[in-house]
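**Q** Chains as they are written, first to last, in numbering that gives the first Met the number 0: chain S, 0 to 123; chain A, 0 to 377.
Read the hints as simulated data drawn from the structure, not as lab findings. Incorrect hints may appear among the rest.
According to the in silico footprint, chain S covers these stretches of chain A (three or more CB under 8 Å from chain S) [said to hold, decoys possible]:
#1 137 to 149
#2 201 to 207
Quick list of the computed label-pair ranges, beta carbon to beta carbon [to be verified]:
#3 E111(S) x A228(A): 53 to 59 Å
#4 Q98(S) x L158(A): 31 to 37 Å
#5 P18(S) x W233(A): 56 to 62 Å
#6 G110(S) x W233(A): 51 to 57 Å
Backbone N, C-alpha and C fix where the C-beta goes; we use that ideal spot for every residue, glycine too.
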Amino acid sequence: MSADSPERRERGGSVVVCPDCELRKAIETPNEAVAFYRRHAAITGHDVDWERADVDGLGAVTDDDLRTVIRTLEGRFPEGVPIGIVTAAASRRGATIGQTVNAIQGLRMGGELYEPRDDHLRVT
Amino acid sequence: MTRWNDGTEQTATVSPDITDEMNALPAKYFTDPAVHEMEKEKVFSRYWVYAGHATTIEEPGDYFTRTIGDRRIIVTRDKDREVRAFYNVCAHRGSKMVEDTPMTDPGNANGIRCPYHLWTYELDGNLRSTPQSFETAGMNPDLEDDDVPRLDPEENGLLEVHLDSIGPLLFVNFDDDPMALEEQAGTLKDELESFPLGEYEHARRYVSEVECNWKTFSGNYSECDHCQANHQDWIKGISLTESELVVDDHYWVLHYTHDEGVEADDALVEGEARFYYFWPNFTVQMYGNADGYGTYIIDPIDEGRFQLIADYYFESPDLSAEEEEFVQLSRQLQEEDFELVERQYEGMTSGALAQGQLGPNEHTVHRLHRLAQEAYEA
Ligand code: FES
Ligand SMILES: [Fe+2]
Ligand SMILES: [Zn+2]
Numbered sequence: 000m001s002a003d004s005p006e007r008r009e010r011g012g013s014v015v016v017c018p019d020c021e022l023r024k025a026i027e028t029p030n031e032a033v034a035f036y037r038r039h040a041a042i043t044g045h046d047v048d049w050e051r052a053d054v055d056g057l058g059a060v061t062d063d064d065l066r067t068v069i070r071t072l073e074g075r076f077p078e079g080v081p082i083g084i085v086t087a088a089a090s091r092r093g094a095t096i097g098q099t100v101n102a103i104q105g106l107r108m109g110g111e112l113y114e115p116r117d118d119h120l121r122v123t
Numbered sequence: 000m001t002r003w004n005d006g007t008e009q010t011a012t013v014s015p016d017i018t019d020e021m022n023a024l025p026a027k028y029f030t031d032p033a034v035h036e037m038e039k040e041k042v043f044s045r046y047w048v049y050a051g052h053a054t055t056i057e058e059p060g061d062y063f064t065r066t067i068g069d070r071r072i073i074v075t076r077d078k079d080r081e082v083r084a085f086y087n088v089c090a091h092r093g094s095k096m097v098e099d100t101p102m103t104d105p106g107n108a109n110g111i112r113c114p115y116h117l118w119t120y121e122l123d124g125n126l127r128s129t130p131q132s133f134e135t136a137g138m139n140p141d142l143e144d145d146d147v148p149r150l151d152p153e154e155n156g157l158l159e160v161h162l163d164s165i166g167p168l169l170f171v172n173f174d175d176d177p178m179a180l181e182e183q184a185g186t187l188k189d190e191l192e193s194f195p196l197g198e199y200e201h202a203r204r205y206v207s208e209v210e211c212n213w214k215t216f217s218g219n220y221s222e223c224d225h226c227q228a229n230h231q232d233w234i235k236g237i238s239l240t241e242s243e244l245v246v247d248d249h250y251w252v253l254h255y256t257h258d259e260g261v262e263a264d265d266a267l268v269e270g271e272a273r274f275y276y277f278w279p280n281f282t283v284q285m286y287g288n289a290d291g292y293g294t295y296i297i298d299p300i301d302e303g304r305f306q307l308i309a310d311y312y313f314e315s316p317d318l319s320a321e322e323e324e325f326v327q328l329s330r331q332l333q334e335e336d337f338e339l340v341e342r343q344y345e346g347m348t349s350g351a352l353a354q355g356q357l358g359p360n361e362h363t364v365h366r367l368h369r370l371a372q373e374a375y376e377a
């Protein structure tokens, strides 16, 4: 990631939590939240939630449908919307990181989304 | 007088004996990404490393997975009730087979099936079956069905990993020809096996990610020079002056004596807490003031981060109010230590101290640093 990429500029006071472990984790870039979720779920089976997502432009997202969410954000991320930002957008509507990651996996396996780079999404 | 270490000066090896000198392990071994890579082989693939707890897989077919460095394994109980470990890698073309399954939420299967082309293995690792397309050559005009070789179950089985145990504690070793677990554990094996560890049940798992090298936390765990100043709630019931730190080859024990009045009558070790550190990255806490024990796995993520996997074992997973309170105090201790080690690591990465020095009651940390150096040089 280049220093001035939109993804880097989204960093700030973001925090994810595991309610079971009473664990809070400060996150530098949105995709780190997903990396954390994957590491944490692998050894606990726990799901992880956004507590605070300091990501600009999520106000523009007004839909529950993940494809619409990604389509809304695609203009800002021509190389694909970081999966972490999608999970942050979906969390505003109550979805955990695990639920969103699994739903994205389902959409990819259905050919509805693809990854121009790993963990960056576009609508087919 | 010149300073102990000016930050740029050459570092020396860890002192052979803490009574003469007191060189710590140089800072670069805590901060260099290349050292993290090296440790995957020289530390985590040469020594016995804790894999998990046998009581979580009591029935044949129960299994959990564990990742150590880059190596992914399945630990399972076979039809003869023997616990075995295998690489989670298919003998056909190398696919990862089983999804990550923590021992706190184990799976059960009557065999191990690879999702890619559906090769299926017995719980003892032997190849059980392959689909029709591996037995006939219908799509290959150059090969007759009769010329398709039969797959030998053993030759085409899963790659087994050395596994041994101390009571219900399961350890694996990735070396082709490892030293015996008894050799690495020394008297720790008999000592731990004298306690009825298998009679306790897994009750809680807490996992924390901490921003420092795993050995920074290991060092913190191993000494109590910081306790008085930093663990004021915990220290209340402990007589530090009566406590001692005893060092063996690959493990060390911190004995803490509890003041009278806080002893639990049915504690595993009455009136005394014993905190065992077992090289490279496993600990056992025998509480003097609660009827249970805990373990830590100190798993590196990279050179600057690790996961602390804290497991608690009690008579029943339904904790009493006192036990809940006890776990909370233990968690407080962890959080206090995380603050300390993250702060230490921030200092260590600044480059102002290329090598630390150890105090006379940090002989346990000295052992830790010597073991690391030995492993790197081997
Ligand atoms: S790689 Fe496992 S069956 Fe082909
Ligand atoms: Fe401590
Ligand atoms: Zn958790």
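**Q** Now tell me, hint by hint, if it's right for this structure.
**A** Structure-based check of all given hints:
1. 137 to 149: Violated - the segment 137 to 149 of chain A has 0 residues with a Cβ nearer than 8 Å to chain S, which falls short of three.
2. 201 to 207: Result for this restraint: holds, n = 4.
3. E111(S) x A228(A): 53 to 59 Å: holds, 57 Å
4. Q98(S) x L158(A): 31 to 37 Å: holds, 35 Å
5. P18(S) x W233(A): 56 to 62 Å: violated, 25 Å
6. G110(S) x W233(A): 51 to 57 Å: holds, 56 Å
Consistency with the previously given hints fails for numbers 1 and 5, ordered from lowest to highest.
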